[in-house]
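Protein chains in written order, with the numbering used here: chain G, 1 to 334; chain B, 1 to 815; chain V, 1 to 159.
Check the hints yourself; a few may be wrong.
What the hints assert, rightly or not - Cβ-Cβ distance ranges computed for the label pairs, FRET-style:
1) V/R72 <-> B/L28: 21 to 27 Å
2) V/R3 <-> G/A16: 26 to 32 Å
3) G/S48 <-> V/R3: 15 to 21 Å
4) B/R229 <-> G/P5: 36 to 42 Å
5) G/R13 <-> B/S57: 53 to 59 Å
6) V/R3 <-> B/G593: 51 to 57 Å
None of these hints come from the bench; they were simulated from the model. All C-beta atoms, glycine included, are put in the ideal place defined by N, C-alpha and C.
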Amino acid sequence: MMRLPWFEWRSPRSIAEAAKILAGEGPQAMLIAGGTDLIPNMKRRHQSPKTLVSLRRVPELKKRNGALGAGLTLSELVHDDTVRAQYRGLWQAAAQVATVHLRNMGTLGGNLCLDTRCTYYNQNHEWRKAIDFCLKKDGDICWVATASKRCVAVSSTDTAPALIALGAKVELVSAQGEREVPLAALYNNDGIDYLTRRADEILTEVRVPQGWTSSYWKLRRRGAFDFPVLGVAAAVKLERDGTVAEARLALGAAASRPFLVEKAGEFLKGKRLTDEVIAEAGAIVAARAKPMDNTDLDLYWRKDVAAAFLGYALREVRGDDMRATRLRIARQAL
Amino acid sequence: MSATAKTRFEVLGKPRRRVDGRAKVTGLTKFADDIVLPRMLHMKLLRSPHPHAEIESIDVAKAAALPGVHLVLTGKDFPVAFGILPVSQDEYPLANAKVRYIGDPVAAVVATDEQTAWEACELIDVKYRPLATISNSEEALATPEPRIHEHGERGNIHRLQAFEFGDVDAALEKSAHVFEDLFFYEGNTHLPIEQHAAVAAPDGEGKLTLWSSTQVPHYIHRALARALRMNAAHIRVIACPNGGGFGGKCDLHNHEIVVSRAALRLGRPVKICLNREEVFYMHRGRHPVLMRMRTGVTKEGKLTGMHVQTLLDGGGYGGYGAASTFYTGVLQTVTYELPRYKFDACRTFTNKPPCGPKRGHGTPQPRFGQEVQLDKIAEFLKKDPAELRLGMVAKSDSLTANWLKIGSIGLDECIRRVVALSDWNKRYRKLPEGQGLGIACGAYLCGAGLPIYWNRMPQSGVQLLLDRSGQVTAFCGATEIGQGSDDVLAAIIAEVLGIDPYDVRLVTGDTGLTPVDLGSYSSRVTVMMGNAAIQAAERLKAQIAEAAAEQLMIIPQRVAFSQGRVFFADDPAKGMTFAEAVVFAETKFGTLGAVGSYVPPRAPGRYKGAGVGPSPAYSYTACVVEAEVDKATGWVSIPKVWIAHDIGRTVNPVLARGQVEGSVYMALGEALMEEQVFRRLPAKLSGALVHKFPSLLEYKSLTSLDMPEVVTELVEYPDPNCPFGAKEVGQGPLLPVMPAVANAIYDAVGVRIDELPITPDKVLKALELKAAGKTPRVGPDAFPQVPYPKPMFVPPPWEGGDGNEVKRHDAAAVV
Amino acid sequence: MNRVRITLRVNGEEQEVLFHSYKTLLEVLREELNLTGTKHGCELGECGACAVLMDGEPVLSCLELALECEGRQVETVEGLQRGSELHPLQAAFADLGGTQCGYCTPGILMTAKALLEKEPNPSRERIREAISGNLCRCTGYQQITESIEEAAKRMREAA
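Okay, chain G solo, but in the shape it has when bound (with noise of 0.2 Å):
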C-alpha cells in the first residue's frame, strides 16, 4: 500500500487563523483542502511538508453570493444551478474533472492551484529513481526535452482555462493582506514554479463576470479519471444579429500554464460566427498549442486536433447542437 510520510498537521477555522499558521511555519507548510493532487504527490514523495494546513474547517470558504469560494468542492459547483446557467464552461468544466468520487473532495481552489502534470514526474519515487530523477524534482534534466533549462510539466487544470476564457479574477489573502490578480496572471509557463500565488497566500475566491456566453470541451482518452490533454474555452457576446462583440478565448494543458489566445478574440471581435471564421479561429489557437511528449496520446495529435475542438466549442456557443459529437468526445451530455 502506497503510504503518505510523516507530517504535522494543523486545522485553523478561520482564513486569518490558516494564514497566520502559514506565516508561522513558512515554506515548509503546504495547503490541503480535498486533497486529491496533493495526497497521492505525497504519496509519492513529490512533496514532504512538515506541516499540512487543513483548510476543511474555514466556512468563509464555501460562500458564492457574488464569488466563488475556492473551498466549493467541484461537486457543489456542478449542482449549482446558477453555475450551471450562468458559467456553462465552468460547469462543464467542473463536470468533466476526474470521477464523482473526486469531484466531491476535490476543491475549485484546488483545481486552479493543481500541480503541473509529466509522465516523468507523477511516477512513484522508485520509478523516478530509475531515472535519476527529473528537473522538477529531485534531477537537473528535464527527460522531455533535454536542452531544456525549464520544466515543460503540463497544466492539467480543467476549470482555469475555463474560468480564464471567462475574464474571473482570484482572491489571494496572506497575513499581510489581501490582492485580486486576473486568474490569467496566477500562472508562470513554468513546470516548476507555475504559480504566481506566494507560499503564504491562500485563493480564498474566484470572481467571475456575469453575461458570456461560455463552452468548455476537454480532451482525454476515456470519459472519466483523466487530465486533460487539451483544454479548449471559448467565452463570447454576441450581438443581437450574431455578431461577435467580445471574444475570449483559453487553452488548457497545451503549456505549463493554461492560457488566453488574445489574437483569437481579436480575429472573432466584429464578425459572425461562420464556419470559415471558425476555422481560422482554430488555426490561430492551434498555432499556439505546443504540446510535449509528457503525457496521454501522441503529441502531433494533439496539436492537430486543437483546431477541431475550438470548432466544438464555438459552435456550441453559436448555439449549434453539439449533443451527439459531445457524447462521442466526453461520452456524457454536458
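Once you've looked at the hints, dock chains B and V against the given chain G.
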C-alpha cells in the same frame, strides 16, 4: 459417461445467484491482503533501478539497524533458481548476480509495519555495474552480446520454433491469390484491480502455510518446495479468491517465495502486498508480437495454405514464454478449413518485465492478423466477409492440419446469429461515411492438453464427503478468480445428485486439503474440474441409489435424484429425502466419500511439439462491432457490439454472459487503448528503460462511460469431451473483438490499421494518407531477419502419415 | 512516532481509534478497525476500489486523511445489510452478475447507494455516470448497471 448424455437439467442453464455471491457483496470474501494474523510483520522488496546490470555489492547494515526492522534478505539467501516451466529455470527470488529489468527484486526487508520496511529499503546500498540495455526484439536480434541469459537458443534469442504441415510454398504457388501482410500487436497487461498479496506463516508444527492471490496453488506448492529446499508435505498453499486474475497470477512470483522464507526464518507471519507499480512489473502479460502472414486462397475464397511468422518480445525471463511462443501459431488452424499450414516463431529476451499468459495466451495476436487479413481477402474477392467465413468453417469431429482434434463446433451458427442481430446484410458497406461494421471470429482451448510438468496423473481431482445429515462437501484444488469456478463445481455436483447448489459446501484451492487441480488457466476448469466432479458425484450417486433401491425394493437403475429427493422414477411419490437416502447408504456402505479425476484424451499428433495446442474441446466465437470514426480527428467510438459464443452447454447463464461481456470489455481496451509500453531514455545520457506509465490512471482501462452496449448470444453445441457438453467461456470471446474493431473502422472510413492499439492518431494518419492518394494503412512495414530453423515437417492427416515428423526430400524450402 | 486518538463514527457506531497520524481513512478502516471489506487498488485515487460514504457522499478513503474524519459519518460495505438481510443493491449484484471477482464491488455498492438515495429512478446513463469513477476489470459494467437498475426497482416497489 452417462451424465454427458443428459439433456434435461434442473440446475444447468438456469440463471442463478452464484454460490459465492453473498460473500462478495457483503465484503466478507477474504482476499489475500485481508488476512490479518497475530504478530504479523510486513515485507517490502527493494527493486532494481537498472534495466540490465551486474550486482557488485549489497550493503544492508543501515537497513538492518533501523528500529522496527526484523530481517533483511538478499540473493545470497536464495541459491536455487526457479521458473514456472521446467525448461526455463532462470529466475531467482532475489537477484543473485544480475538484474534484468527495472523492477527486478534485489532485497527484502521485513519490519513491524510497511512504512518502516519501505524506509529501510531506501537505506540498502546496492552497487551495480550497468550492462547494455536491450529494449525490443529488433535490438535483441541485432545484439547477441551481452546475453541477458546464458540459456536459450543463442545470443538474446530465447526460443525458435518452426513447423510445417504439408508443403505450404507449393500450396501458395498453386493458389489463385496469395496475400501477404504484416501486423503488430502491442503488449498489454492484466491489470487486476487486486494487487498481488501473500501472507506466509509457520503453523503450530512449524510447517509453512502460504495464502496468496494465485491462480495456480498446486504449481506454487511444487515450486516452493524446490525453492525453499523443503519437504512439500510441510507446505500448504491456499489460493485466496483472486480480485481478478486474467493470467497475471498464474506464474510463480518472487514475493511468494521470499515472504515464505522470511516467515520460516522469523517464526511468525509475514505479509506482502504489492503496490500498483510493482504489479506492472510482475506483468507476465500479453507479448508484443510482430507478425508476417502469407495466405493463399482459391478464386472462391477457400484457404489453400497459410504461413505465419511471429516475433515475440519476451522481456527479461522465460516464465511461460516457451508456451506463449507455441501459442502464437498452433491455434490458427482450428477455426477454418486449412489444408496446409506452416509457422515459425521466435521469442527474444529484452530488459523489460517478462511477458506471459494473458486471456487468450499468445493467440489474440495472430488471430488479429488472420481475421483482418480475411477482411482484406473478402474485399479483394468482392465477397461478403461473413459469407467468406461461413464457406470455410472447420468441420466438427475432424482433425486440423497440425493434428488437433476438433469436437463440436458451432461457429457457423455463431456467425449467422451475429449477422442477424446486427442487421449485417442491410448495414454492412451501406452505412453513411464515418460509420461501419466489422466481423471476425475466434476459437480457443478448453484446457491445455498437457500439464506444465510432464506426468500422466489427473489434471483435476474432486473429492466428495457426505455427512449423514445430507450435507455434501466438495474438495477441489480449483481456484476462484472471479470467473465462477466455485459456482460451476457446486452446480455440477448438484445437477448429478439432484440437490440445490447452495447445499454444497466448497473447499477449494488449498493444497493442504484439496486434491490437485492444476489451476485457473487455459480455460480448463469447467471442463477438467467438471468432468472430475461428475465422476465423483456419479460414484456417490451409485452407492446412494443402491441403498435407496434396497429400501424401495426396486432396481438401482430406476432410482431418480431430483429436488433434494431420491425416488422411484416410475412413481415419484415412492421415495425419500436425499438426507434419508444418505443415511441408508452410510448404514450399508460405511462412511461415504468418493473421488473423481480427469485426464484429457491423448492428442493425435505424435511429433515433438505436438503437446501444445491439443485440448479436450474448442470454443468458438463470432463478433460484429459497430464503429464511428470522426474524419477530422480520427476519434473512434464503438456504439455497439454483438457477440455469439459456442459455449457447448451453459452452466449458469448469468455468469456465462458476464464472462462474454468481460471479454469484450478487455478486448476493446486492447483494441483501442491499453498498452504496456516502455521509454528508452536518450542512450547518451542514460541506460534507463522504464515502464511508461505503471499506474491505473495512465494505463487506460475503459470506464463505464467508454463501454458500449454488448448483445450476447450463447450458442450451445455440446462437446462429448465436456461435462454435460459445457465448454469454456472465459477467454475465447475476447479473440474476435480486436480484429472486428479494425474491420469496422475500415468499413467506416476505408483505412487499415494493422497494429494495436488503434489510437486516433493512427487513424488520422491513415486518413491523411488516403486523402493524399497513398495506401491508406498504418502498421508495420518491415520484418527483420530472424534465423528461423528449418521447420519440422509433418504431413497433415489428409496427406498420409501418422502425426509424426517425416524427413522431407525438398530441403531447400527453408526460409 | 506520532499516534493520534480520535473518535470515528463508522456505520453508525462510534469507535475510538489510535493510529499513526499519516494514515488515511482507508488504512485506519482496514488496519485499525479490521473493516477489510473496503478494498484498495492504487491508493492514489485512480480506481475507486476504496470508495466509502462520507456524510452520505461517495469519496475515496485512500485520499482522505483519517485525521479529517472526526465528527463525520462514515459508511462502508460492512454497514450495508440490515441484520441478515441484504441491502437490495447487494442482493441484485449477487443475483445478476454485478459481482464477478468481487474486488471492486464494495466501492461500487457504496457509490450506487449514494446515487439511489438521491435518485430513486436513475436512467441507465445516470447510472453509468455515477459509477464511472469505479474501475472494474471483470464485468464490462453491463451487469453492474443492470444490477443497480434492478435494485432501484426493488427499492421503489418496497417504498
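Going through the hints against the structure:
no.: 1; hint: V/R72 <-> B/L28: 21 to 27 Å; verdict: holds (25 Å)
no.: 2; hint: V/R3 <-> G/A16: 26 to 32 Å; verdict: holds (31 Å)
no.: 3; hint: G/S48 <-> V/R3: 15 to 21 Å; verdict: holds (20 Å)
no.: 4; hint: B/R229 <-> G/P5: 36 to 42 Å; verdict: holds (40 Å)
no.: 5; hint: G/R13 <-> B/S57: 53 to 59 Å; verdict: holds (55 Å)
no.: 6; hint: V/R3 <-> B/G593: 51 to 57 Å; verdict: holds (52 Å)
The structure fails none of the hints (numbered hints given earlier).
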